[in-house]
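The primary structure of each chain is shown beneath.
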Amino acid sequence: MSKTINIDGQNIPFTEGQTIMEAATAAGVYIPHLCHKPGYTPHGSCKLCTVNVNGRSCTACTFPAAEGQAVINNSRELTHDRQKITQMLFVEGNHLCPACEKSGNCQLQGVAYSLNMLDNHYPHFYPLREMDASHPEILIDHNRCIFCNLCVRASKEKDGKNVFGISGRGIHKKLIVNSSSGMLKDSNIDINDCAAHVCPTGAILIKRTGYQVPIGQRIYDHKEISEVALLQEQDHG
Amino acid sequence: MKKFIHSVLAEVDYQSVRLLEILHTIQAQYQFIPTEAIDYLAEALAIPRGNIIAVVEFYSFFHLTPQGRYDILISDSITDLMLGKDNLSNYLSAILKVSIGEVRADGLVSINNTSCTGLCDQGPAGLVNGYPLARLDRPKLDEIAALITQKIPVPDWPAYLFEVVDNVRQTGLLLDSAIAKGAALKAGFARGIQATLAEIDASDLRGRGGAGFKTAVKWRICSEESSDQHFVVCNADEGEPGTFKDRVLLNSYADQVFEGMTLCAAIIGANQGFLYLRGEYRYLKAHLQETLQQRRANGLLGDNILDQGFNFDIEIRMGAGAYICGEESALIESMEGKPGIPRNRPPYPVTAGYLDKPTVVNNVETFLAAAAIAVKGGAWFAAVGTEKSAGSKILSICGDCELPGIYEYPFGVTIRQILLDCRASDVLGVQVGGPSGIFISNQELDRKLAFEDLATGGSFIIFNNTRNIFEIVQNFSHFFAHESCGFCTPCRVGTVLLKNQLDKIISGHGSAGDVVELEALSQLVKNYSHCGLGQTAANPILSTLQRYPNLYQERLKTISYEPGFDLDGALNAARQLAHRDDAAAHLAQVEE
Chain A
1 MSKTINIDGQ NIPFTEGQTI MEAATAAGVY IPHLCHKPGY TPHGSCKLCT
51 VNVNGRSCTA CTFPAAEGQA VINNSRELTH DRQKITQMLF VEGNHLCPAC
101 EKSGNCQLQG VAYSLNMLDN HYPHFYPLRE MDASHPEILI DHNRCIFCNL
151 CVRASKEKDG KNVFGISGRG IHKKLIVNSS SGMLKDSNID INDCAAHVCP
201 TGAILIKRTG YQVPIGQRIY DHKEISEVAL LQEQDHG
Chain B
1001 MKKFIHSVLA EVDYQSVRLL EILHTIQAQY QFIPTEAIDY LAEALAIPRG
1051 NIIAVVEFYS FFHLTPQGRY DILISDSITD LMLGKDNLSN YLSAILKVSI
1101 GEVRADGLVS INNTSCTGLC DQGPAGLVNG YPLARLDRPK LDEIAALITQ
1151 KIPVPDWPAY LFEVVDNVRQ TGLLLDSAIA KGAALKAGFA RGIQATLAEI
1201 DASDLRGRGG AGFKTAVKWR ICSEESSDQH FVVCNADEGE PGTFKDRVLL
1251 NSYADQVFEG MTLCAAIIGA NQGFLYLRGE YRYLKAHLQE TLQQRRANGL
1301 LGDNILDQGF NFDIEIRMGA GAYICGEESA LIESMEGKPG IPRNRPPYPV
1351 TAGYLDKPTV VNNVETFLAA AAIAVKGGAW FAAVGTEKSA GSKILSICGD
1401 CELPGIYEYP FGVTIRQILL DCRASDVLGV QVGGPSGIFI SNQELDRKLA
1451 FEDLATGGSF IIFNNTRNIF EIVQNFSHFF AHESCGFCTP CRVGTVLLKN
1501 QLDKIISGHG SAGDVVELEA LSQLVKNYSH CGLGQTAANP ILSTLQRYPN
1551 LYQERLKTIS YEPGFDLDGA LNAARQLAHR DDAAAHLAQV EE
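Protein chains in written order, with my numbering: chain A, 1 to 237; chain B, 1001 to 1592.
Chain A on its own, in the form it takes in the complex (with noise of 0.2 Å):
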């Protein structure tokens, strides 16, 4: 008989070594998610697939999947805090949504429709951040920078290179390019990388390519995110 972990309220087996959200993701049930993604090392630095795991709130990103757990995932709080850290995040950075080429396909903001998330709530920190076009082929806006993580992992991890860094403290934290110049032009990047790819909001972009889809046409303007993340995330498990 395979282990179990209970999550509001429904059994779900687990295999020694799974993290929460790994058994979860294969049993189809979606937590909420910005810096995880399948096949990659758990970040855990979003925090917005915070669970309820015995009375303690743990990462589900991270957090190995046990014999016994009691998770909580869909609560009226659980939403409710899921909301303001989404929002957290718009306000730090400058997210134009009408503006912007990922508006649609964009998984913050399909993580902001999913919580219902109506207004940035917080003051905005307008930050000045700079874009780097110097790449013939990518573009950085690191307006649209969350912090993820995903870019440093996915160039390292999946593409042996290093071409991408977090740098700075605190709020000024910032997306660095591992280059002399610093420019993205003089990395070894190149557009068939993972790292090109793999930005779950626009600051990262592939040059001409843009509005290819028209809006109201993308993928988050007909399907909720939990839908496409689990389809698309279940067969990692």
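In case anyone wonders, no lab produced these hints; they're calculated from the structure. Hints are supplied without guarantee of correctness; some may be wrong.
Heads up, simulated DSS-like pairs for lysine-lysine below, C-alpha to C-alpha not over 30 Å straight-line [claimed, not checked]:
#	chain 1	residue 1	chain 2	residue 2
1	B	K1357	A	K156
2	A	K156	B	K1002
3	B	K1338	B	K1388
4	A	K161	B	K1357
5	A	K158	B	K1357
6	B	K1526	B	K1388
7	A	K174	B	K1388
8	B	K1448	A	K156
9	A	K185	B	K1002
10	B	K1186	B	K1151
11	B	K1002	A	K161
12	A	K174	B	K1526
13	A	K158	B	K1338
14	A	K174	B	K1338
15	B	K1003	A	K161
For this one, chain A is given, so just place chain B on it according to the hints.
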């Protein structure tokens, strides 16, 4: 430069884990970390240059742009402010003709603020090129300015300028009976290593850093982990504002601390230990190195310690100005030459710590106590204190009292007793455990110092009735926003939102919903943050909101909504440009 970098690298055997030490030397040489140096390091250590930049930009003591050849840091901890820090740093800025936060045009001198330097009992305090400056006053600043103007190298300055005193005011269980060099190891080997662990178990010693995990349990778990290597780490990253007891322990009881570490190593099977020393205490390093050297000479460190066939040595690793590195997994990251970002747990350091090997991390005072217990036995220690908090606690007492300094008390002592001993009068309240602890009012002075009531890592800051609660809370909230590592969303963004929301209320721009919002935000940051920093960052706000709700309410305007910015203030530039100051050039904040 290449030659210099390679000599620095040779000094540390080209080990990339010692990156912080390398950067300290480069920073001292060039007053910043030049791009060229980063390129050499990246190549020689085979690490991406982005990783080196990330380290430089994480720690307050490293810079990508040149600082002054005389780099002055003034502590902006609350106790320094209470002792007139602002007035003094403005004076220094005026006589040296350089703004705070800037480098003088000739590159000679720079002045910056820094977080608590651990000299709160002898402030206002600061550092110049790593040398401590205590009890600053105008005559001293005049002298310092003259020395700088004459370009006298800092090591040649009059020694009294760097004098730091211990101020041990009250001794107790541990400070009364410092053990002889080697006594704990001899007793430990004579009794047997397992029997000595049993004594530490019987003593009920709990970690002195604040969290209070039982020491013997931590050591046992670590010893049972099978691995080719185990490590012992002493956490001397005493960054909690108002704490300075580890500085005194390292200055006057270093032998006993190292002995505690060596004992731990014998128990868990470690051959290598580290003392992680906060960057602000760099001036203690030479003395600590000397103590280690003596211990090697006495057969208490190195190969075949006390002829027991046990090999163990201790290396000092430096921090570089980051409060977060007091968190044990951030400390380990820092020891590995990386930014101090707390790890995900599990696994805990006892199973996967330094270099992912089983590692015990304990506070300076914990090792000090363990060494004494090895000599005097568990019962000796357990006889003192309360049921849940055995032994004594060494406190760093500062703020509004006549006799600030180091006090050792049995656990269970009342706050009232402590205030009496250090001669504090007209008390408004006490911040117990530093900004991450709690603020108690003068109505709670019969509460006890113990894990079951008021726990503290050692910080004890007293405020009298002339002090303004908001000034205190504001200082603490700004501190947390400055020290957040930025890894997780709730802390990175939340500590800044807390700071801004508090500033809004205190500056008189808050309206009806703003205190409610402040409290909701505090709970969110507390409940969702990745580590102890974020989880405690709202404590100053929450503990004062609970005790002084009226103070907050009094600051609010009676209207239902108040914009977060000062509209009339924002128009000031326009008025100046238009040379107008008539009534029509002023706008009310909200429609009346």
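Cross-check of the supplied hints:
{"no.": "1", "hint": "K1357(B) <-> K156(A)", "verdict": "holds, 23 Å"}
{"no.": "2", "hint": "K156(A) <-> K1002(B)", "verdict": "holds, 28 Å"}
{"no.": "3", "hint": "K1338(B) <-> K1388(B)", "verdict": "violated, 37 Å"}
{"no.": "4", "hint": "K161(A) <-> K1357(B)", "verdict": "holds, 27 Å"}
{"no.": "5", "hint": "K158(A) <-> K1357(B)", "verdict": "holds, 26 Å"}
{"no.": "6", "hint": "K1526(B) <-> K1388(B)", "verdict": "holds, 26 Å"}
{"no.": "7", "hint": "K174(A) <-> K1388(B)", "verdict": "violated, 45 Å"}
{"no.": "8", "hint": "K1448(B) <-> K156(A)", "verdict": "violated, 52 Å"}
{"no.": "9", "hint": "K185(A) <-> K1002(B)", "verdict": "holds, 27 Å"}
{"no.": "10", "hint": "K1186(B) <-> K1151(B)", "verdict": "violated, 51 Å"}
{"no.": "11", "hint": "K1002(B) <-> K161(A)", "verdict": "holds, 26 Å"}
{"no.": "12", "hint": "K174(A) <-> K1526(B)", "verdict": "holds, 24 Å"}
{"no.": "13", "hint": "K158(A) <-> K1338(B)", "verdict": "holds, 22 Å"}
{"no.": "14", "hint": "K174(A) <-> K1338(B)", "verdict": "holds, 16 Å"}
{"no.": "15", "hint": "K1003(B) <-> K161(A)", "verdict": "holds, 29 Å"}
Hint check: violations occur at hints 3, 7, 8, 10; the rest are consistent with the structure.
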